[in-house]
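J.: For chain Z, the structure is supplied; the task is to place chains V and H on it using the hints.
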Amino acid sequence: MKTLISFLYFFLAASGLHATEPWARAITPWSWSFPRDHGSHPEFKTEWWYLTGNLDDEKGNPYGYELTFFRHGLQPVATQTNSGWAVRDIFFGHLAVTDVRSGKFLFSEKITRGALGEVVISQKDMQVQLAGWTLQRKPDSTLAMSASDPTTGIGLDLSATPLKPLILQGERGLSRKSATPGNASHYYSFTRLQTTGQLEIAGKKTPVKGLSWFDHEFSTSALGENQEGWDWFCLQFDSGDELMLYRMRNPGDRTDPASSGTWIPAHGSSLPLKSSDFTIVPLDEWKTSSGATYPSGWKISVPSLQLSGEVQPLLLDQELRLQRTGNIRYWEGACRFAGTRQGKPLSGRGYTELTGYASPIGQGMKE
Amino acid sequence: MLETRDLHKSYEAGEARVDALRGITLKILPGEIVSITGPSGCGKSTLLHILGALDTPTSGQAYLEGHPLHSLSDDKLTALRRLKIGFVFQFFHLLPTLTVEENILLPLLLSGRVNSPARTRARELLATVGLSDRSHHRPHQLSGGQLQRAALARALIHQPSILLADEPTGNLDSTSSSMVIDLITRLARQEKTTVVLVTHSEEIARTADRRIALVDGRIQS
Amino acid sequence: MNWFPTLRVFLSHGGRDFFRHKTLSLLNLLALTVGVAAIVAIQTVNETALRSFRASLDLVAGRPDFTIEGQGFRLPEKLILLLRNDPAVREVTPTIQLVASLPDHPGEFLHLVGVDPFSNQELVTYHLEDALRSPTDAIAFVSESDTIALTRPLADRLHLRPGDTLRAVSAGHQANLRVRFMLEPSSDLLGADDHLAIADIATVQSSFGLGGQIDRIEALLRPDASGKITAVRSSLLERLAPNLPAHARAGSPERRGQEVEKMLGAFQLNLTALSLIALVVGMFLVTNTVAANVARRRAELGLLRSLGLDRRSVIILIVGESLLLALLGAGLGIFLGLQVARILLQSVSSTVTSHYVLLSMKDIIVNPWSLLGAGLAGLLAAGLAAWWPAREASLVSPMDALQPGNSADRASSPQSPFLRASLLCLFFTLLFSATALYARIPRTGFLAALGILLAAAFLAPVFGRLLGGLPSPPIASGKLAHSAFLRGLHRHGLAAAALSVAVAMAIGVTIMVHSFRATVDQWIGESIKADLFIAPSTNLIAGALEPLDPQAETLALATPGVRAVGTYREIRLFLNGTPAKLAACRLEILRAYNPLTFLSTLPGDPYELCQKGDFAIISENFARRRQIKPGDTVFLPTPTGTHPLQVAAIFRDYTSESGLLLLDRSTYRRLTQDQGLTSLAIHLEPGISPKTVGDSLREQLRPRGEFLVYSQAGLRDEALRIFDRSFAVTALLRTLAIAVAALGVTLSLTALGVERTREIGILRATGASRNQILRTIMIEAAYLGATGISIGLVTGFAVALILMQVINRAFFGWTIDWHTPYPSLLGIILGMMIACLLASLPPAWRASRLSPAEALRSE
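Protein chains in written order, with our numbering: chain Z, 1 to 367; chain V, 368 to 588; chain H, 589 to 1447.
A hint or two may mislead.
[Unchecked claim] Chain V regions said to be covered by chain H (calculated; three or more residues, Cβ under 8 Å):
hint, stretch
1, 419-427
2, 432-446
3, 467-477
It is worth saying that the hints were derived from the structure and are not from the lab.
Beta carbons: idealized from backbone N, C-alpha and C, even for Gly.
Only chain Z is shown next, with the shape it has when bound in the complex (with noise of 0.2 Å):
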């Protein structure tokens, strides 16, 4: 039964506009209501919430990781009755650890369908539970996370707490993918996470800490009719600021108007960026063995911001090769950042997402 699953989609689906669709749609920007909207919001039909980040040993040597729950609404009530184990949502989670200074990139999944209590969504509270891996957010704010899978030898356990409060992205947290109205996700952010933790790797725990990022998005359908992929970039600089970019492609790879981005400054109120207003350049490539091609080193500049520099991985083989979703791929690595901003050296370190070069996006559900 392997290909019954190839052709579910992983995440972000698109689909055209149904006048009978019985999902709800990002058209207006929510009216946000925390700690409710860290919940849930089964109404749309895709959300998820998102941790990465950059990390450090005792000895300095560097780490990064990514923790991700997905839901995926397959109808907003099951058709079956009488079962436990009647279908509404497909539940997905990821979870990857870079080890720079041994070259390793791991990664593992979840797929389920959440039966008998296997998932367990709270609609109050950021309370996560997905076959096993957990995130839940404290009383104090902190968001603590767990996942292993002892097949692949890799797990986490971290507490995350947030440095700065939270960031509502593009216009009061509507997150516009393409020009279409309703294609697009209600979107917030923690921009900088005071991190502490372990990370297993081949099965051996150590201790880390350092910085990481968190976004929760839910939408119906994100992304346009044509589009590709997305490039997108999270960054934290040394200096306390941030920078969220991202690039939805359409074909010939133009960078789609909807495209836009945040500046996140050490104080002070978040900034909304434009397509316009930022470019992102492709250094170099990486080919993968399936002989995808991903770009690799990116020199980005935000001309208004008087920021420029370049983005290169930590390793250049960061790539998600999800057998059990049905071989879906994406990179999805640390990376770090060196430039300038208003003529002084600037430097940090990140997270680069890239979709849509090995594996195609939303296929099976474009309609």
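T.: Frame of chain Z; chains V and H shown alone:
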């Protein structure tokens, strides 16, 4: 060459005991042609079978080129037959399924010595016994005289040191008989083969170098 | 010794000899062919049964490291949580399965399996193809509540196209299922049942009212540091044990296959033993032919010896010739056997299904190794059979062999060794009977049967001589035949032995089957008292134990003319590791309308005991096989725990090979929480026509699915039909053995005919007419037949006794009352005699046609 000392052989036939040989002592020299004659039941076939390593004596000794025939195992006797002895029987005993040439080659086949010189020799022998044109016939297509000549060729194919013939003309008309006897003597001299010939025919016995007459299991002197 | 030249002689000479004596050689060949064919057919059918079962099991369950399944009853789905959170478990997935009838396709059914495609990815051994869309829209499989996947053969047979709906009924639930996916088993699952259908577990649960229930849990485990899972599995088992329901069986998945093999073991052993008899009979014939050949070729062997062929080579030559022939025979036998296997397949498939497990075999699965095995068995048999005459031939001195004269009719061999061997075999028969019954090694029962057959075989020459002691028939050909038979005993002894083995087996099996059938028939007459019976059709078609629509009982009770309704629930389970049947009845109905025949009881009324407390009634074979008597306790694992049940009585029953444990319905329902019913037995008011009520019930039930409504006579016929089908293969093998034995007669007489060519020539020359020769040989055949048949008849009774009192008791534990089927026995005796005479015709004819001159001519 062939030597026996006080050879005795007895059989159990039902209740009775038959003493076929009662002390035969004889010596046959290499190349000699010897005939054994005597009335029916005198033991001449029994003697021949012992000399031919087909049977073993009840007591006494028999030596073929120094091999003690009286004390060898069946396997050793079989090996001697295969290498040193040629037989001609009264009833020819050719295998009906084999051609004349195959029958002639049979002794060599049994000892795994069929090769091209052997085939040449078979053809020469066939020519000598006058059956060149019959080499691919089956035994049932041949007359009695032809069968016996083929049997003679078979007996000599492996160049035995001794040829034993048991009433070789017993089933033949007189023309065929003399032809077969001529061949035996001629070939034996040519190949320097020792011949022991059992017969009840005076005429044939006279063609031999020496004649041994048996009566009641003893040599008549 | 030099092998090569021997081989050369053998090939150039033996081969030509074969063609010179075609008849003999062909008969020899045929004997072996039939023997090998019987083995191949049975092995292939057995193999197919197991492989098909395993393939179906693998298709449903994949190849997990660990399984939990409920025996008899389903499992609560919550059980999966125990595994989900266990560190040793890498993957865990549930399945639920049921057999649904298809009201729109009478006679067909679905073996529907509900799976979780999310958690079974690493376990599945099939592939689903979306027949409606490409690429596959897998979401429909899990999100649409009516989607199923069918195998292509079934879809084709039912003329279903993608998107069509299929009405399926199970236990009173009806569902319209939509055929959307095609189920493609992976290539190594050859022979999987094409009735298999796959749907999402939620679809199956919600369509058939099975919420909260599953049948099996499959898990993949994480190997320990040494890469092994055995230790992981046993420690997991230990952890789980306290939390598992009593009826759950957990452990390695091989266990299930092994259990099925064990269950089918007795059945298959039975068939294998019968097939070996055909080979044993064949062996006698080979010995006979080889001996005949050796005698005929005595002079020729003598010549080869005189020319220097040693003794071992003689043996090699003769055994080798026989082996070469056997090689041909084995090849033909394999071919023939596979054809026979195809014919047997359906019969075996239905038999296994009605007695053991759901099994559907479509075509034979050929295992090259078992073909090789059967071929080697044939070669071995031929080699062994040829060894003895070959050894004898090698001992003949060349000089004797070359003496002209009639070599065939030698002084008769002494009798005493045969008598001694016969007595020895008899002793072993008794010994093995004892070990089968008292040491509880059931398989030795077959050795006992073999022992008695061999005893008969060894007795054949002795008995032949006795027969020869009688005065000869007072005509010329009679006298000639009499003396010829006596002189030919060295040859006829073997043919008579083969004949007696075949006849003994035929008679033994006939008596046993007849007695068994008569016993069952009588029992049915006594124990089936109800006027009408209702059961879901799938239970008959597919051998399933699907529950009946619960409404059926209400409907039946409300039907005018119905006096009482008895209910029957049947479950197959394992008690102490051996299979058993658990049944529940309304005992008050049984007592009033259909009392059981008790063999022994506790003091008091067993019905009352069972209705009041935790008591059970057990069948006779259950008691025998488990050595249980009234008052003993049986432990019954159920979803509510393991319950001790005291045995109140033992009754006679023939419905279950594995033994039956019968409870009152109230006790059963209290202990198992299972409300299901497997069938109903309806008792009518006096004077009411069963046909009228039956038709009315059929009409009322029609919209609720597919049911079978039987009358009393109909059920009896059905029961006997199943019985007869179960013994169909036995009957076929019996026929094969008889055919081989008849061949033996022909063979023996043909061989003697060849040996006696000269003698016949002399007879003809001295004035015997052709008819006299013909008659002589036929009378000789009659002597031969009489010898074999007489011994066979007597031995047959002994074989029947062993089959009923030793093998049956050791394996099954039934009581079979002796019924002698006189007409059938007479039929076998006359039939065999006629077969002997017919078999003598070809050689007799040939002998009578010999021209005296030709016969007298020396070779």
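J.: Now tell me if each hint is right for this structure.
T.: Evaluated hints:
1. 419-427: holds (count 3)
2. 432-446: holds (count 4)
3. 467-477: The restraint on the stretch 467-477 of chain V holds, since 5 of its residues have a Cβ under 8 Å from chain H and three suffice.
Every hint from the earlier list agrees with this structure, and none is contradicted.
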